[in-house]
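In case you want the letters, here they are:
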Amino acid sequence: MQCIRVPTARDRLLDPMASEWSGVAGEAIALGATPLANQPSEYVKASRNEDDVGKVRNVMVQTAHDGNEIFIRLSWEDAQKNVEVTETNMFPDACGVLMPLNGDDAPIDEMGSQGAPVNAWYWRAGAEDEAHNMVAHGLGTTRPAASATIEARSVWGHGAWSVVFARALAGEPEAAVDLAPGRSVRIGFAVWEGSNGERAGIKSFSKEWRELALQP
Amino acid sequence: MAESSKRGDGIEYATKAELKQAQRQVAMVFDLNKCLGCQTCVVACKTLWTRDEGMEYMWWATVNTKPGKGTPRDWEQMGGGFEDGVPRAGQLPTRRDFGDAWEFNHEEVFFGGKGKDAHLKPSGEPDWGPNWDEDQGGGQYPNSFYFYLPRICNHCTNPACLEACPRNAIYKREEDGIVLISEDRCKGYRFCMEACPYKKIYFNHARQMSQKCIFCFPRVEQGVAPACARQCPGRLRFVGYLDDEDGPIYKLVNKWKVALPLHPEYGTQPNIYYVPPISPPRFDASGNLDESKPRIPTEYLRYLFGDKVDGALATLQAEMAKTKAGGKSELLDTLIVYEWKNLFGPFTQDPAELEPRKA
Ligand code: HEM
Ligand code: SF4
Ligand code: SF4
Chain R
1 MQCIRVPTAR
11 DRLLDPMASE
21 WSGVAGEAIA
31 LGATPLANQP
41 SEYVKASRNE
51 DDVGKVRNVM
61 VQTAHDGNEI
71 FIRLSWEDAQ
81 KNVEVTETNM
91 FPDACGVLMP
101 LNGDDAPIDE
111 MGSQGAPVNA
121 WYWRAGAEDE
131 AHNMVAHGLG
141 TTRPAASATI
151 EARSVWGHGA
161 WSVVFARALA
171 GEPEAAVDLA
181 PGRSVRIGFA
191 VWEGSNGERA
201 GIKSFSKEWR
211 ELALQP
Chain G
1 MAESSKRGDG
11 IEYATKAELK
21 QAQRQVAMVF
31 DLNKCLGCQT
41 CVVACKTLWT
51 RDEGMEYMWW
61 ATVNTKPGKG
71 TPRDWEQMGG
81 GFEDGVPRAG
91 QLPTRRDFGD
101 AWEFNHEEVF
111 FGGKGKDAHL
121 KPSGEPDWGP
131 NWDEDQGGGQ
141 YPNSFYFYLP
151 RICNHCTNPA
161 CLEACPRNAI
171 YKREEDGIVL
181 ISEDRCKGYR
191 FCMEACPYKK
201 IYFNHARQMS
211 QKCIFCFPRV
221 EQGVAPACAR
231 QCPGRLRFVG
241 YLDDEDGPIY
251 KLVNKWKVAL
261 PLHPEYGTQP
271 NIYYVPPISP
281 PRFDASGNLD
291 ESKPRIPTEY
301 LRYLFGDKVD
311 GALATLQAEM
321 AKTKAGGKSE
331 LLDTLIVYEW
341 KNLFGPFTQD
351 PAELEPRKA
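Chains as they are written, first to last, in the working numbering: chain R, 1 to 216; chain G, 1 to 359.
For the record, the hints were derived by calculation from the structure and aren't laboratory data.
Quick reminder that beta carbons are idealized off the backbone N, C-alpha and C, glycines included.
Where hints are given, some of them may not hold.
To be verified - Restricting the straight-line Cα-Cα distance to at most 27 Å, the calculated cross-link-like pairs of lysine-lysine (DSS-like) are:
| no. | chain 1 | residue 1 | chain 2 | residue 2 |
| --- | --- | --- | --- | --- |
| 1 | G | Lys324 | G | Lys34 |
| 2 | R | Lys207 | G | Lys187 |
| 3 | G | Lys255 | G | Lys308 |
| 4 | G | Lys20 | R | Lys45 |
Unchecked claim - Covered by chain G, according to a simulated footprint, are these stretches of chain R (three or more residues, beta-carbon under 8 Å):
| no. | stretch |
| --- | --- |
| 5 | 35-42 |
| 6 | 77-91 |
With the sequences and hints as input, model every part of the structure.
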């Protein structure tokens, strides 16, 4: 997966609907259900059927950087947007990006491990676009790592979500994966379908890491 | 494992067994023969803990008429808990099921200038409330019956909520077994809400987290009984440690075995116990009292409290017969509560006598 270097203004790249994105080649990534066996809750294991987990099975990924910041655009089909959480049984649509924080050996299907943390970027639908930078050391261990900020913008239209994440390339030890032109990192993706009650470990994800190469 | 480590760093790696561990267990016994259905406990709790935004619909303490659908509506049909030790799928109760928080036209009535033409009423057409089927009960006249069932979180020994959380946000306090949701860790995933078979967890929409009864732990830490218990005019909410052999809880639960958990078949091992209601005899077809049949069908009490309810009722009746015949009964003396403070075990401190805490 190539992250091309572009001269485009940041407010254009931050806009999921900006025409510039149509010039950025994307890759369709297949997503699958998170394995029930990996759910860190006996209740979740006993109450779910893996066939019903992970409704969104495809996400289109486009990436670009301008030498200072990286922009990652995820888009997927979703006939019904789930934004408000006004009832206890309502959950918002959401998406996330995962990268090993330091080193390549972090398991994607367990969100890293105690010795091999991962960096997660998380967006969820809401009245305002909110994105969170997190670190996980394995299943059930996500923690906010607010020292690094992620920005996100989203648009829902014509039966699809488009979300752009933006972050400074330079990382932070313990909190944010360090990116730089010319560097390659491993990356994974996840989508939560709110109408299917998806949250936490109930989601669809890219079952293997992809290589993201940032153009020098 | 120390209390601090359950709350702090490293809690995410704890095993569920560690999170469930407690040296002692606080418990309550509710004597259903004394509940007036006055809702003082409910309001005491509401006033103390659930007045903030996002908590409008929450009633950590509830009192409902039984038989009845309860709060949330039909909670006994919502699943959760355990079956043969395996978690059972449960439903998420909705705000509507809980009865929600009705909005009223206060503005119109008090400031609308309409005089006597404006009447206080809820907006919309509510079709449920926390006590919608109050006092309907069951049975046919002249054998109709009901009683009140006060409920709070059971601070279970095997909490389904704790087991369900994928983030280890729920734990039992080491020193007293109170089940708490860590506000630092909870992300509002609501698996606990699904899994609790008593439906005693609420979702706070303003804070995007789950919340529930905390057994008034800041009071308990100062030797003060929980507000619902201390405020109860019926004097029926006993508080204490389960292992305190001199306390009323131990006597009622373990010695006399007249206090039973609600729906023990849910498998969570609740720590709120109930003295089942004794009822007058039924009328037979010709209008005479049939001393052999209680007005509240024992079958119904078995449904609520399990098969041990027969033994509990028999013990209560035998002890009542004993005192009627002029004898003395430790059991009845305990249940009568001659001295109000005897309800509260070690938690008799008057909160008004404590130094106010600095904010
Ligand atoms: C590339 C793939 C993945 C990404 C981007 C990702 C991202 C995330 C994020 C951002 C959260 C926090 C959600 C929130 O705050 O509401 C989360 C939570 C969680 N994830 Fe993943 N995840 C991935 C794969 C997996 C897999 C394969 C599992 C296996 C079951 C899993 C299990 C969980 C669980 C149990 C939680 C909830 C516990 C917690 O908050 O730490 N994840 N994930
Ligand atoms: S009653 Fe429900 S919320 Fe309370 S401890 Fe038991 S399972 Fe958890
Ligand atoms: S305050 Fe006591 S008597 Fe009144 S409803 Fe609550 S438990 Fe029953």
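So, going through the hints one by one against the coordinates:
Distance restraint check for lysine 324(G) and lysine 34(G): the Cα-Cα separation of roughly 19 Å lies within the 27 Å cut-off, and the hinted pair is therefore satisfied. Of the supplied pair hints, the one linking lysine 207(R) and lysine 187(G) holds, its CA atoms being roughly 25 Å apart against a limit of 27 Å. Annotation: proposed proximity of lysine 255(G) to lysine 308(G) holds, straight-line Cα distance about 14 Å (limit 27 Å). The hinted pair formed by lysine 20(G) and lysine 45(R) meets the criterion: a straight-line CA distance of about 19 Å does not exceed 27 Å.
Proximity of the stretch 35-42 of chain R to chain G, defined as three or more residues with a beta carbon under 8 Å from a beta carbon of that chain, is established by the 4 residues found. Under a criterion of three residues with beta carbons nearer than 8 Å to beta carbons of chain G, the stated coverage of the stretch 77-91 of chain R is upheld, 5 such residues being counted.
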